[in-house]
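**Student:** I would like the entire structure built from these sequences, with the hints used as guidance.
Chain by chain, the residues:
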Amino acid sequence: GEDVEQSLFLSVREGDSSVINCTYTDSSSTYLYWYKQEPGAGLQLLTYIFSNMDMKQDQRLTVLLNKKDKHLSLRIADTQTGDSAIYFCAESFTGGGNKLTFGTGTQLKVEL
Amino acid sequence: EAQVTQNPRYLITVTGKKLTVTCSQNMNHEYMSWYRQDPGLGLRQIYYSMNVEVTDKGDVPEGYKVSRKEKRNFPLILESPSPNQTSLYFCASSLIQGANEQFFGPGTRLTVL
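From first to last, the protein sequence lines stand for chains S and G.
In this text, residue positions in the first sequence follow the numbering used here: the first is 1, and each later residue adds one.
In this text, residue positions in the second sequence follow the numbering used here: the first is 113, and each later residue adds one.
In case anyone wonders, no lab produced these hints; they're calculated from the structure.
Just so it is clear, the structure is predicted and the values come from calculations on it, not from any experiment.
Idealized CB from N, CA, C, for every residue including glycine.
Treat the hints loosely; a few may be bogus.
[Claimed, not checked] Chain S regions said to be covered by chain G (calculated; three or more residues, Cβ under 8 Å):
1) 39-47
2) 99-106
[Unchecked claim] Using 30 Å as the maximum straight-line C-alpha spacing, the simulated DSBU-like pairs for lysine-lysine come out as follows:
3) Lys130(G) x Lys99(S)
4) Lys36(S) x Lys177(G)
5) Lys177(G) x Lys99(S)
**Tutor:** Next comes the structure, spelled out in structure tokens:
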């Protein structure tokens with residue numbers, strides 16, 4: 001079955017790098033995603049990676065995928081206070097249509 | 113502006129009083145979906161629709177209904193709301209093909225007393 005897990009909280013200092021981790025169980029994942037949810041707002045897609053890729057970089061964001069260990073991470077370089085939010089990883093999988101299975105979300109707090 | 117809109121944004125109601133949460137998208141997306149978000153559980157899919165007149169159950173469909181009479185609209189109906197349906201609800205839409213970037217509405221916070 002599908003199960004996506006994340007740690008609940010992460011606290012970093014402004015200017016440091018943040019690394020948010022996610023593990024998933026469905027080996028037939030096609031795409032893996034990172035969404036950001038700011039307070040009182042909907043989810044915004046940050047980036048996604050196709051399951052046959054190991055890494056994707058997009059400005060301050062780096063996504064690493066270890067398919068063998070079913071581990072996905074999001075690194076935010078030079079973390080700013082505006083990055084404080086809840087971050088969700090999600091997967092879509094072969095035969096699942098457009099369905100996304102979400103993790104529980106990681107609350108990132110950026111301190112001055 | 114490309115967007116998904118939901119109404120109302122906030123709703124407090126009482127057990128058993130039928131309600132509808134509307135969702136509309138202006139991106140001509142085939143796929144639309146409803147999720148509920150609860151603390152510690154992430155987002156769980158309630159219902160989805162692959163196109164007009166095509167709907168199917170997600171992971172937590174009990175107590176909900178949907179309809180898809182037009183491509184742009186996908187209302188969520190609670191015929192007899194109960195307190196365990198108190199939650200934050202999100203509508204999302206996407207194209208069928210490609211990387212499935214889902215666009216989310218701003219959310220509807222529902223409280224059932």
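**Student:** Please write out, lowest number first, the hints stated earlier that are contradicted by the structure.
**Tutor:** As far as the earlier hints go, not one is violated by this structure.
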